[in-house]
Every structure is written in structure tokens, then in C-alpha cells.
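2 protein chains.
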Amino acid sequence: MSSKTLNDIGEDGVIQLIHGKGLASLPPRVRKGIGEDCAVLETDGDSLLLVTMDTLVEGIHFTAETLSPEALGWKALAVNISDIAAVGGTPHTAFLSMGIKPETEVSFVESFMAGFEAMAAKTDIVLAGGDTVESPSGAVITITLLGSGLPEHLVYRSGAKIGDDIWVTGPLGNAAAGLFVLLNKNASELAGYESLIAALQRPIPRLEIGKALGQSGLVHAMIDISDGIAKDLRHVCQESGTGALLQAASLPLSGQLERLASLAHKDSTEWALHGGEDYELLFTTSSANEQKIVSLTTKVLGNPAAKIGTIVQEDGIWLETQERKQPLKPGGYTHFSR
Amino acid sequence: MSSKTLNDIGEDGVIQLIHGKGLASLPPRVRKGIGEDCAVLETDGDSLLLVTMDTLVEGIHFTAETLSPEALGWKALAVNISDIAAVGGTPHTAFLSMGIKPETEVSFVESFMAGFEAMAAKTDIVLAGGDTVESPSGAVITITLLGSGLPEHLVYRSGAKIGDDIWVTGPLGNAAAGLFVLLNKNASELAGYESLIAALQRPIPRLEIGKALGQSGLVHAMIDISDGIAKDLRHVCQESGTGALLQAASLPLSGQLERLASLAHKDSTEWALHGGEDYELLFTTSSANEQKIVSLTTKVLGNPAAKIGTIVQEDGIWLETQERKQPLKPGGYTHFSR
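Those protein sequences? They're chains A and B, same order as listed.
Just so you know, we're using my numbering here: the first sequence kicks off at 162 and counts up by one.
Just so you know, we're using my numbering here: the second sequence kicks off at 162 and counts up by one.
Identical copies look the same in the list; a pair holds intra-copy or inter-copy alike.
In the BS3-like style, the derived pairs of lysine-lysine whose C-alpha atoms are separated by at most 25 Å in a straight line are:
| no. | residue 1 | residue 2 |
| --- | --- | --- |
| 1 | Lys182 | Lys283 |
| 2 | Lys165 | Lys262 |
| 3 | Lys262 | Lys182 |
I should point out that these hints are in silico values taken from the structure, not numbers from a laboratory.
Just so you know, these numbers come straight off a predicted model, no measurement behind them.
Here chain A stands alone, though its shape is the one from the complex (with noise of 0.2 Å):
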């Protein structure tokens, strides 16, 4: 026994303490586990199960001033669904556990729910149990997601091929502006910076698109960007045995974005690299597909993925700039670490 504290280890530690053992002997039919955007159990019939569980807290992943309680059963559904959609999956069926004080209004509820609703019925979800408990401090929300793919169609982060093009299907950066903004401006301050600030509270999962890529068979790799490009690439390249070259000029940066970065002097590069929660996907593919993919995306998204970098033979995460290259260090929220 050690008296270390899980401050001490971060949150890759826990993870390594939680799931270790059970890593080693997970049996067939758990064809995915720890180590993608969700599990993929095989089952009975022909398609898969796809099964993620997210957790908000209120105090670390949202307080009363950056979510609006509409907002959070918005959001809380929605970065589950991003996991589905990242692998090219199809969402289902939801379950909801939710942690709350007795003193907490009816209308938090009431709010919650009409968010949650919102996105359920845009994605044809269906909530079908879960649990409803005391919680001492803050409101804490779990949602498990369950959903379907046939396996010719799913698409996991360790399929990367060096020489690969990487795509993402949007802009970068925004969520993690629109905090910056809500953070740091006075309400009368707020207008210019709406799509920053819906960037955070209502993403909107890349359901139809990462569908439409599993389908399409054209990607090796695909992941959704949760914790940041830097870290969620990571993901790709640990899992795929390979590195990548990102081109900074090559982010795709909204016009908002950018001008709040000049306004506040700001890098918006950074809040691009290592901001999160943007939930767009990355997605890799053969330099040959390139037209394809600008014209699959195009059809389903109403313009073109934006090609970002190459997957390379040689580890880590680089970035190129006009000036040099420069390897990136593993950013994203890591919970655990002060």
C-alpha cells in the first residue's frame, strides 16, 4: 500500500490502476475497451455494441456561470454521442445517473431535461433508466450511451498508415474561447463571441459525418477531439504505432477566434492545439482519397473537412510553422494534476 495521493499519479495513473489488471484479460468479445472513444462488445446478431460513459462535475467541468442547466443536459448528452460518432457508430439508447442536491430547484431539472431532450430527439436517442440520487455537494451527471455499428463500418484510432492525411471535420479552438470569454468579459462584452460561446455550451456532435466516413471506407483512423488536438492526435499516433506533422497555417481558426486572440493577445493556435472540448472529429486517410473526402464532407457537412497534417514515422506530435518544427508537448485538461 502506498500512501501516494492520485495527485501524485494524474489521471493516466488511475486509469492504469482501475483498468490494469483487467486490461490483460479482457476475452474476444470485448473488441475494444479502455484506450478508445468507446467500448465495442460483440453480441448475438450481426452489428456490435458500442457502449461510452462520460461524467460531468459540477466545480470541474462546469459551474453555474460557463453552463446553464439547459446547456448541461445539452452538452452532457452530446460529448457522449461524440464518442459513438467517432468511431462511426450509430447512438441509441441512453442512460442517466444523476447526482444532485435536495435543495436544487425543480426548474434545474426541468431545464436539464429540456436540453437533454433537445439533443436526444435531434439524434433519435432514447432514454430508457439510469439512477436518481442525493448528492451532497454539486451536481454530478453521468450518461451512459449505448449504440450499434457493423464492423465493416466502424473506425478505430489505431488504424493510422504512415504517409496518411489528417482531417478534421471543423474549427479548433472555439469551446476553449468561448470559456475565455465567459470567464473573462462582462455580459455587455458577450456579443461578437456567440458562436464561441455555443462552441462550448452546445456542441453539436459529428454524428452524420462520422457516420458517412465509417461508410464511406475511405478512413483508416478516426478519433473525436474531447481533451485537444495535441492530446487526442496522441491517442491516434500511441494507438496506431506512429507519429504526426501538423501545419500550424493549415488549422482551420474561426474569424471569431481569431479576433478575440488579437483583442486579448492570445495565441489562437493555442487555444487550437490544446483547448478542447471542440468535438469535431479527426479522421485520417490516404493522400489518394483527398478529393473524395473534400467532396464526402462538402455533401454532408456544407464545406470541406480541412486536411491539417501527415502521419509520420517518427514519434511524437510536431508542429510545422513558417519558422520551424517543433515537437508539442501532451496538452489537454489531465484531471488529477495541479
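Following the hints, put chain B in place on chain A, whose structure we already have.
Chain B in isolation, oriented as in the chain A frame:
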């Protein structure tokens, strides 16, 4: 919008807020949702998918005084297994969300996982994913457990028939009495109450007998006793459109429970009826099958299940003692009510 709090509307009111709208529009593929021990979903295979989700919150469901980290890991999984056992299903895959303070010692997680893994190994359950997050207050543990069962083997709350015998698989009230011992006795006084404390800390879900009863075709309705028999039997009766008459003299009470009740001037029947957390199974069968139930339960459990009452037409749950027949008030633990 109302300015009422969750305290005012109670647990049933909160559940209605969360699931009220959805219940009206559950698609046929969701055979059971809220109102059953676990959700029952159709798949594209022969078997049905069973899903349950339970949350344990430090300070509400347990404290460091009532549950060691190892017992917490064991119990958190056991209570979910009990929900699958209660429909006669077979659990197979677990997902664990652990919210925990960063200053928690590593040994807490190690001990928790030792308890979790011991229960998982006993029941052939694999841990395939989850989430690990900071919690600013105490530990919040949510487990989602998946299982399966063939449609013809599953037993629901709703099948009780007037005239059915009511059975339970083992002693009632031990867990509640164990909690009383822990909260009211010094460490030196715990000897002689080991089985009560074990019932609270190390419940053994009735998985094998649940499956055997489901496969026997003899059982009309089944539920696990998590909130106390008075409340759980009420669920069966509400779903089945019946009432129930319990015989006080037939309630299975352990020797340790009776001895404690006598010494502490407590009513052992109260513990048995309202205590909760026993995780025994309650089931109903045609009285013609009494001998078959006795022999099946003796074979699987080592001793016969206890016949404790009868399903009746008259609404409500009734308790018959030597002196009189009286209605049982809804008891059991209720969240959000003071």
C-alpha cells in the same frame, strides 16, 4: 417554472421530471425501461440486452465508517448484479465511472478495485470502460452493468397473479441491522454480529437462483429487495395490478438479528420490512408449484426459499400478525425527502 425544490417533490417526483416525457414515447425495441429492475432492449440477435445503472454517493449511501474502500468496490458492483439477477438475466460487462477527490490516497483506489475485481471474478463480469473524474467532495461511484437473457427466461415485476405465493430467497433485515450495529456499537461490541455487518458490506447478489428461477418457467414476478420489502413488494403489486398479504410470522429473520433486536429493544420485523439493502430476491409463483420451488431453491441455495405471503386482489400491502391485519405504509429509503 416553479420555485419548488427537489426536497418538496421527493424521489418519485424527480423521476417523473426526468422520465415522464420519455416514457410516453418509448419505442417497442425498449421492452422495459423505468419501472423495472433493469432496462430490457431488443437487439438484432436472439437474446435481449439488459442494462442497469446505479450510483453510490459518499455521505448518502455510505461513509468511511460504514464501508471500507474494498467493501465499496464489492458492493457497488454487487448491487448492479442484483438488478440483472432480479429479471433472471446473466450480467457480463461493466462500466465504472469513479468521481474522486484528487487528494485521495492511491491505496483507496487499489482497495476499491480489489473488492470490485473479487465480485467481478465471482460472477464472470468484465470491466470494459468508464470514466475517471475529479469530484470536489466525496467519492461518487456509478456503474453501468450490461447483461443478457433469452426472452422466454426473463421475469418482470408485472407478472404477479392473484393467489400467487410470495417467496424470498433469504433473510431480511440483516443489512439494516448491520448498519445499526456499526453506527451504535463500539468496535469491541461488534463480535457476534459479523453476519449482520457482512450483509451490509458484502452483499451476495442472488445471481444463480435468479437465473434458475427464470429458466424454470415457474415464476410469475420477481424483484430484488434493495429498498426494503415493503417498498419493493409494492412495486411488484403496482406493476401487476394486485395487492399482497404478508405473514409476519413467516418473515425469515436471522438469529443474530433477533438477538440484536432483543438486546437493543428494536423491532426485528421493522428492520425486515423497511430496512432495505438485503439484495435477496422476492418472487411469486402459483401455489401449485410450492414443492418445486422448495426443491429448486434448496438445490441452488442450500436451503429453501421462505414463503412469506400471498398476492391478493385488494390494493395495498398488508401484514398479518397473530393479533390483526394491518396496512403497511410505504417504507424504505427515499431520496430527496427529509
